[in-house]
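Protein chains: 2
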Amino acid sequence: MASQKRQMRLGAFIMATGHHIAAWRHPDAQADAGLNIDHYRDLVQTAERGKFDLVFVADSPAGWERAKDPEALRRTAQGAHFEPVTLWAALSQVTSRIGFVATASTTYEDPYLLARKFASLDYISKGRAAWNVVTTGADVSKNFSIPGHPAHADRYARAEEFVDLVKGLWDSYEDDAFIRDKESGVYLDPDKVHQLDHKGQFFSVSGPLNVGRPVQGYPVIVQAGASEAGRELAARTAEMIFTANQTLEDAQEFYSDVKGRLARYGRSPDELLISPGIFPVLGGTEAEAKANYDYIQSLVHPSVAWNILSRHYKGVDLSAYSLDDPAPPLPDSTELNKSRLKLVTDLVSRNNMTLREFYLAVATARGHRTVVGTPEQVADAMQKWFDNGAADAFNIMPPILPTGLTDFVDQVVPILRKRGLFREEYEGATLRENLGLRRPPNGLALKAQQGEAARAAG
Amino acid sequence: MASQKRQMRLGAFIMATGHHIAAWRHPDAQADAGLNIDHYRDLVQTAERGKFDLVFVADSPAGWERAKDPEALRRTAQGAHFEPVTLWAALSQVTSRIGFVATASTTYEDPYLLARKFASLDYISKGRAAWNVVTTGADVSKNFSIPGHPAHADRYARAEEFVDLVKGLWDSYEDDAFIRDKESGVYLDPDKVHQLDHKGQFFSVSGPLNVGRPVQGYPVIVQAGASEAGRELAARTAEMIFTANQTLEDAQEFYSDVKGRLARYGRSPDELLISPGIFPVLGGTEAEAKANYDYIQSLVHPSVAWNILSRHYKGVDLSAYSLDDPAPPLPDSTELNKSRLKLVTDLVSRNNMTLREFYLAVATARGHRTVVGTPEQVADAMQKWFDNGAADAFNIMPPILPTGLTDFVDQVVPILRKRGLFREEYEGATLRENLGLRRPPNGLALKAQQGEAARAAG
Chain A
1 MASQKRQMRL GAFIMATGHH IAAWRHPDAQ ADAGLNIDHY RDLVQTAERG
51 KFDLVFVADS PAGWERAKDP EALRRTAQGA HFEPVTLWAA LSQVTSRIGF
101 VATASTTYED PYLLARKFAS LDYISKGRAA WNVVTTGADV SKNFSIPGHP
151 AHADRYARAE EFVDLVKGLW DSYEDDAFIR DKESGVYLDP DKVHQLDHKG
201 QFFSVSGPLN VGRPVQGYPV IVQAGASEAG RELAARTAEM IFTANQTLED
251 AQEFYSDVKG RLARYGRSPD ELLISPGIFP VLGGTEAEAK ANYDYIQSLV
301 HPSVAWNILS RHYKGVDLSA YSLDDPAPPL PDSTELNKSR LKLVTDLVSR
351 NNMTLREFYL AVATARGHRT VVGTPEQVAD AMQKWFDNGA ADAFNIMPPI
401 LPTGLTDFVD QVVPILRKRG LFREEYEGAT LRENLGLRRP PNGLALKAQQ
451 GEAARAAG
Chain B
1 MASQKRQMRL GAFIMATGHH IAAWRHPDAQ ADAGLNIDHY RDLVQTAERG
51 KFDLVFVADS PAGWERAKDP EALRRTAQGA HFEPVTLWAA LSQVTSRIGF
101 VATASTTYED PYLLARKFAS LDYISKGRAA WNVVTTGADV SKNFSIPGHP
151 AHADRYARAE EFVDLVKGLW DSYEDDAFIR DKESGVYLDP DKVHQLDHKG
201 QFFSVSGPLN VGRPVQGYPV IVQAGASEAG RELAARTAEM IFTANQTLED
251 AQEFYSDVKG RLARYGRSPD ELLISPGIFP VLGGTEAEAK ANYDYIQSLV
301 HPSVAWNILS RHYKGVDLSA YSLDDPAPPL PDSTELNKSR LKLVTDLVSR
351 NNMTLREFYL AVATARGHRT VVGTPEQVAD AMQKWFDNGA ADAFNIMPPI
401 LPTGLTDFVD QVVPILRKRG LFREEYEGAT LRENLGLRRP PNGLALKAQQ
451 GEAARAAG
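Protein chains in written order, with UniProt numbering: chain A, 1 to 458; chain B, 1 to 458.
Everything labelled a hint here was simulated from the structure, so no lab data went into it.
What you are looking at is a predicted structure, and each value in this text was computed from that prediction instead of being measured.
Glycine is no exception: its CB is placed at the ideal position from the N, C-alpha and C atoms.
The reader is advised that the hints may include incorrect statements.
Ranges of calculated distance between the beta carbons of each label pair, as one might list FRET restraints [to be verified]:
#1 Ala153/A <-> Gln195/B: 57 to 63 Å
#2 Pro269/B <-> Gln45/A: 29 to 35 Å
#3 Ala287/A <-> Asp181/B: 57 to 63 Å
#4 Arg438/B <-> Ser60/A: 31 to 37 Å
#5 Arg438/B <-> Gly148/A: 57 to 63 Å
#6 Ala287/A <-> Glu425/B: 55 to 61 Å
Turn these sequences into a full structure, and let the hints steer you where they fit.
Right, dumping it as structure tokens:
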């Protein structure tokens with residue numbers, strides 16, 4: 001086979017009715033999407049038809065908030081949706097190649113139960129599971145019988161221990177621990193079952209896990225933090241990062257910064273794939289795309305608009321402003337995390353926005369990159385970042401579902417393929433194989449071998 | 001329609017390679033069953049072909065134990081298997097009517113996350129989820145960063161609070177909370193979203209849950225405890241009990257005792273279905289069935305046999321015994337829970353067993369009822385209990401899988417059907433409908449209405 005161009009990876013970042021805040025009002029949208037399994041099945045099968053590497057859902061273990069502005073809340077499609085791991089377990093049975101990235105929190109979940117459900121998902125899907133490791137930025141402690149939300153630094157310290165511990169549990173069984181010889185009656189080799197006996201700052205967990213070593217060794221580890229601690233955790237443990245950048249320069253800075261951190265953990269740059277989000281608004285012509293964009297934006301109800309603004313301008317009195325006044329500077333303290341805040345602050349100052357322009361910019365994709373144009377223009381925008389050290393992959397964030405994904409698969413994917421940037425067929429059977437990531441060795445088996453070698457030498 | 005005989009319910013209690021301890025060695029067995037999703041898919045589709053009400057897996061959040069007798073452990077098929085909720089979520093997509101009973105622990109799981117995954121499973125399966133509430137008898141605290149295993153009374157107190165709390169979370173949304181009117185832009189009615197604000201002895205959980213009210217209102221609540229506390233918890237909260245009884249008299253005692261407790265909770269006897277386990281060993285003739293039974297029993301390796309005995313005779317020195325000596329009286333303290341201990345003690349004393357007969361009796365189905373015979377004889381054994389106040393349903397525990405289930409569906413189910421005891425076709429779409437259980441009202445909605453009525457009156 002002739003040598004191939006470097007290949008782009010694609011993920012479908014699925015949000016029930018679509019990523020636009022008013023998506024559910026669009027005629028194409030499935031308004032009850034959040035709890036409609038047939039809708040999700042169709043989406044995942046569409047993504048697999050397009051040979052996407054993966055589908056992904058975000059998550060937080062908390063529901064609807066009875067906040068100050070009920071008028072805005074009653075107009076927002078939120079609060080009721082599937083739990084990610086059960087959702088992907090289900091849809092693994094009606095697909096055969098696409099990978100499944102489920103978000104789960106190291107702050108609010110238990111490591112033994114989490115290790116177990118992801119290992120189970122990896123077997124159920126025959127090697128297509130991935131875990132998006134999040135520390136949960138929002139305070140949801142009220143649902144978990146604990147006094148309060150841990151501080152940022154504590155969450156990251158806990159996350160680091162949590163991920164190591166979960167990997168250790170996944171190493172409980174060596175791949176050839178099971179002998180299963182009916183004749184002799186020997187089922188397994190006890191020397192190939194390892195007990196982790198982890199005792200750390202946050203957890204004491206002995207193991208072994210009650211699932212075999214996952215098909216992929218470990219499910220693929222994904223991370224999305226952009227803070228200093230988040231970048232460092234990713235460099236140490238992640239194999240894919242979901243990121244949000246608006247400009248090529250910011251994306252390049254993030255890309256080279258994170259890739260540059262890998263060496264200190266003995267890792268090479270290709271062991272971590274960087275995947276910015278992109279919110280593509282398509283049209284047959286540029287004018288049509290623009291009209292589609294304006295139409296979705298027109299669906300944002302004024303009370304929802306003001307609610308978006310008040311969440312960004314926490315503590316600022318906006319009552320004297322109209323939507324067409326210039327946006328005042330953002331306060332330091334908002335409900336956003338720091339890296340997302342910087343993104344939004346830069347957006348406002350870069351563009352001298354009015355309040356209307358500001359909420360419209362945020363209504364689309366919460367700080368992710370918006371591209372409005374023809375399929376060729378969207379492919380161009382992606383290739384530019386891919387060819388210029390800003391991206392290995394993209395998380396496609398369809399404005400409206402299901403049509404936003406179907407259109408991308410039917411219109412943009414063929415262009416990427418024609419340019420030799422994207423696969424015609426899946427390369428492998430597991431998500432790791434398709435992403436070009438190696439299957440990690442068993443850490444507990446290595447440790448046991450080293451212990452034995454040391455004893456033999458001593 | 002003519003009035004119909006009272007109908008028997010059937011569950012398939014699935015244990016990877018089969019319920020017999022040496023099942024995996026049988027030529028018909030799938031030796032890697034525990035993590036083989038295709039094997040489970042075939043089993044569940046077979047059970048649905050037989051119009052079973054449900055499939056069920058037991059569970060404990062712990063793995064393989066490096067115990068005193070590694071020789072026995074290396075010969076036992078255990079330790080590596082699917083997590084129940086992910087397994088059933090997956091298999092809900094390749095079936096349409098059968099119900100899914102997943103076991104989950106109130107001692108080791110978190111109520112918000114548990115409420116959420118079962119609600120998600122209920123939507124994914126379109127109303128076919130059930131939760132087998134267990135308090136986890138075995139000490140698995142070493143996997144959960146806690147100092148030790150809670151005592152029996154504490155586990156049951158916690159279970160009671162846990163179940164109430166989970167039901168409260170399932171009531172977060174009223175059925176008609178979602179308006180989803182694209183024209184007006186109103187997505188939901190905030191007055192129909194309820195915050196539980198639970199503060200109890202063990203938990204403080206505010207809610208609301210981030211899943212809509214489950215399709216069935218609540219997933220069906222199943223329980224399996226046979227202790228005094230277990231019976232009381234079942235009478236208060238369960239809609240089905242899985243039980244283990246050896247004799248008609250014991251089963252009748254259990255049946256009438258538990259049904260008799262319902263009235264004090266304002267419940268009627270038909271709101272709780274009682275389902276003993278049955279381990280059927282089939283053959284074309286009685287002699288063939290007996291030969292099949294003897295063959296499976298011959299697969300138990302002597303080291304596994306002695307390990308079974310030593311677990312029952314904890315602290316007793318059996319080294320002077322041979323397998324053909326009469327079984328000495330069992331000690332009070334074993335690894336078994338009290339109700340299972342009584343079952344086994346009665347078994348030994350009733351039958352004047354040798355140690356060999358004892359381990360063989362336990363090797364089959366761990367204290368559940370064993371029936372060896374022709375399909376007619378097995379149907380007779382079931383009907384006798386069903387007609388005489390000992391059972392509403394049965395949990396079929398196939399000795400070997402997949403053949404033990406296929407044979408039951410092909411040979412015994414037609415006989416039950418011919419006798420008018422079992423359905424030709426599913427009655428409904430949800431598990432509740434098939435079991436004849438009502439959809440429970442929304443407790444938080446009722447409370448809110450009462451509060452409003454009181455305010456209006458005051």
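A quick look at each hint next to the structure:
Taking the beta carbon of each, alanine 153/A and glutamine 195/B are about 30 Å apart, not inside 57 to 63 Å as hinted. Range check, proline 269/B to glutamine 45/A: about 46 Å between beta-carbon atoms, so the 29 to 35 Å window is missed. Range check, alanine 287/A to aspartate 181/B: Cβ separation about 31 Å, and the 57 to 63 Å hint is violated. Look at arginine 438/B against serine 60/A: about 34 Å separates their beta carbons, and that is inside 31 to 37 Å.
Between arginine 438/B and glycine 148/A the beta carbons are some 41 Å apart, a value that contradicts the proposed interval 57 to 63 Å. Restraint check, alanine 287/A to glutamate 425/B: a C-beta distance of roughly 57 Å satisfies the suggested window 55 to 61 Å.
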